[in-house]
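Novice: The lines below spell out each chain.
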Amino acid sequence: MLEVSGLNAFYGDSHILHGVDLTVGSSDRVSILGRNGSGKTTLMKSILNAGPRIHGGIRLDGTDLARETSFRRARLGLSLVPEDRRIFPHLTVTDNLLIALAAAGDRAGLDLERVLDTFPMLGPLAARYGSQLSGGQQQMVAVARGVMPRPRCLLLDEPTEGLAPVIVRQLAASVVRLCDEFKIGLLLSEQNIWFARFCTQHVHIIENGRIVFSGSWDEFESRPDVKHRYLAV
Amino acid sequence: MGMQIGFALFNGLTVGMSIFLVAAGITLVFGMLKILNIAHGSFFMIGAYVAYSIIGSHPDSTLQLVFAAILSGFVLAGLGLLLNASVFQRLRNIGEAYSLIATFALLMICNGATKIIWGVNYHSVSAPDALAGAVIYGSFFAPSYSLFIIGLGVLTFLALEIVVHRSSVGKIVRAIAHDSWMANLVGINTSRIYALVVMAAFFCVGMAGGLLLPNQSLTPLLFESYLLQSFMVVIIGGLGNIRGAFIGAIMLGLIEGANFLMLPGIPGILVYVILIGFLLWRPQGLFPQPGADTADRVEGMAETEGVPATMPPKSLSGGIVAAVLVVGVLASMPFWANAGFLFIVGFAMVEAVLALSWNLLFGYAGLTTFGHAAFFALGAYFVGFLLRQDTGIPFLALLSGSLALGALVAFIVGFVAIRRTSGIALGILTLSLGEILRRAISYSPALGSDDGLSGIPRPQIDLGPVLVDLSSERAYFWFLLAACSLVALALWSFTVGPMGRVLIALRQDPVRAEFLGIDVRRYRLLAFVISGAVAALAGALQAPWAQIVTPEAASYLHSTQPMLNTLLGGSGFFWGPIVGSAIFSGISYATRTLAGLSEVVSGGILLVVVLAAPGGVLGLGSRFSRTWRIGALHKRPAVDELARVGKQAVGGP
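Residue numbers (our numbering), protein chains in the order written: chain C, 1 to 233; chain U, 1001 to 1653.
Just so you know, these hints were derived from the structure itself, not from any lab.
Quick caveat, the model's predicted, so the values are computed rather than measured.
Check the hints yourself; a few may be wrong.
Label pairs and their calculated CB-CB ranges [unchecked claim]:
no., chain 1, residue 1, chain 2, residue 2, range
1, C, G37, U, R1501, 31 to 41 Å
2, C, G105, U, Q1089, 30 to 40 Å
3, C, P120, U, L1158, 37 to 47 Å
4, C, G19, U, L1155, 43 to 53 Å
5, C, A164, U, L1082, 27 to 37 Å
6, U, S1588, C, S5, 49 to 59 Å
7, C, G56, U, L1082, 29 to 39 Å
8, U, A1490, C, G19, 55 to 65 Å
Ideal Cβ placement from N, Cα and C applies to all residues, glycine included.
Assemble the whole structure, with the sequences as input and the hints as a guide.
Specialist: Take a look at the structure:
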């Protein structure tokens, strides 16, 4: 479904990603693990053309996205939940979710009530403004907003950063439930291995802008050297 | 008396609503694009001229007036669409200071184009018959046209209020205003919405131009009549807030009414006094929060970020050779240049000194002021007045006096202003002070009122054994050259000295400078005092050269001259303001006989420089050389990229 091939990304003179290849099959769920500064966020942004200057191929369901702007990519079915959440502070939670239906384009988005049901925490907050939410609540809203247009592939950038363990568990359950129920593919960048394993089937490890390991979680487990070399602090 | 008060308040309300009609567009554009559009008054004027072209001097009916206004709104909306694609879109990526300059360039182009298309003659348009009368209520009567304006103001406010705060389009607009990056990622075509908002703003201002056409003298100076007041309304209300602008407009109108009752001798001055008080009390405006995140905005503008940092000079010898060469050529000019050209060059030298003093604030201390001409006028009037009185005070003492006067006033102003305000608030505060001075002068008979002081004699300098007579043009030119060179040299040695280095440091990062133990406020005040003193000296030097001083010396248009010169030449370079002054004077000399065209050309050049080379003319040169050295720099959006490289290059000590 989503194919990234030979992707190079630059910030100014800095060459951040070096020929990244990556595939997310239809309704597949894939993790990208890596240390700080390894290029996870740049990869996510590059797929949406939302920041770095990029060279390389990005295809969604066979359509070449190379020339598409961010909002077009969003409408074609890619939905990025950025690591800093970026909730619209002067809109209510409901409006934050409804505004994302712009990305649904001609397709039908999801029903607001059903999405809110998936995040038990959000129900009572629906009328609150974005600026009145805690970090965990904001992350829930950000993910909910991300799935509203029923994207082909949801891109979650380090969703667990700064969240309390109990919230992380709730979030994991909600993410898996949504992806299963609505057949949404997932590309997840994480440092929290528990969360990544709970949510996804495949794992890639990124180091200095290169994919250095790809495989299933079992293969990952069978290679303690990989974990030690690329993820241990 | 009660009648009179009622009438003044009613008039004030009319004025307030007129201002709101104009200011609505400024608020929309700022709230969305974060661009303070200085050219807005000019677009208002163009709207008025377009409507005038449609209906002529005597509209038959109210309906015809409204129809012309709407048509004019559409014409302006089209213009807005064009400008959005060619100018505003690019301005979103460069610093605030540059968007101010770019919109000022638009102002010049619009005003010039207006003169070319519609001529400089005065037109007046009468209100249609239905609106010419008055509605009478017992002993109180209200002109129908005023009621019409008030009604339209309220209507416009309600319409905008509903669209921005209640409708789904309004939610999208507010989402983009806050975070356009994220809005794009949720699938909103932000560029299209930007274009729509700009068109809406231009539609509003075009319509306002048509509706306010009656009872207005239609000349190419119309752009000024609501410009400053619209800005005040927008500042009082909190930038980008429609509700705030509405309340601000009513307040402003009522203050105008009170001014009429209390100070009929000096119209319009109370507004500025109250605005200054307001800025010192609440620099962020009445409603800093909802809609647009203006609170962060005002804070963020405290430093002139985004602008390439001032470079420490690199090669000394090259600079010396260039300086000696320039001074040599200038010194030879009285032998070969004609009188008119010589006169312009003399002015350019004074303007260069004024621009150098302004850049001490902008490029070094990180303060943007819009009222620098006030100091200039202070010095010019001080020397002009005393020379005319034939007091016998030696000329050099007069010059020192102007220096001291400028320093003293700058100290008083700076002491209060720098403590309380920064960014745009500081800019508007200084602008208001300049306007107060200009109005005070133009209503003082002792200072020649609007006509200014003319026939200022050129002095003699008594150096004991030698008596230097400066009364001839040639002699005073040489004196001017010597004086300006000396001032420039003194400023240069100040900026390369230890104080200059501290200023550069706190300009780049005031917070870190503070942590390093630098008293940021004290250094800024010091820069403010020096800058004010030098500006006053520039005025003092110019008075005997022009032999006339008018209140225009203190006007905000004159205040923008040093800004333009500095940015044209390159604010990141000590010599930038001089280069800019030279180029500007050259352009205005070359186009001096063509009414209107000169403004279009100067404005056009300025716009191109800002959009293509935000580092100014000097910045262009040094960037090319740097790009050359770095080599393989992929394809890139030039502006931010090069600015970043620029920062890296100066990053080290």
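Novice: Okay, which hints does this one fail, numbers in order?
Specialist: 2, 4 and 5
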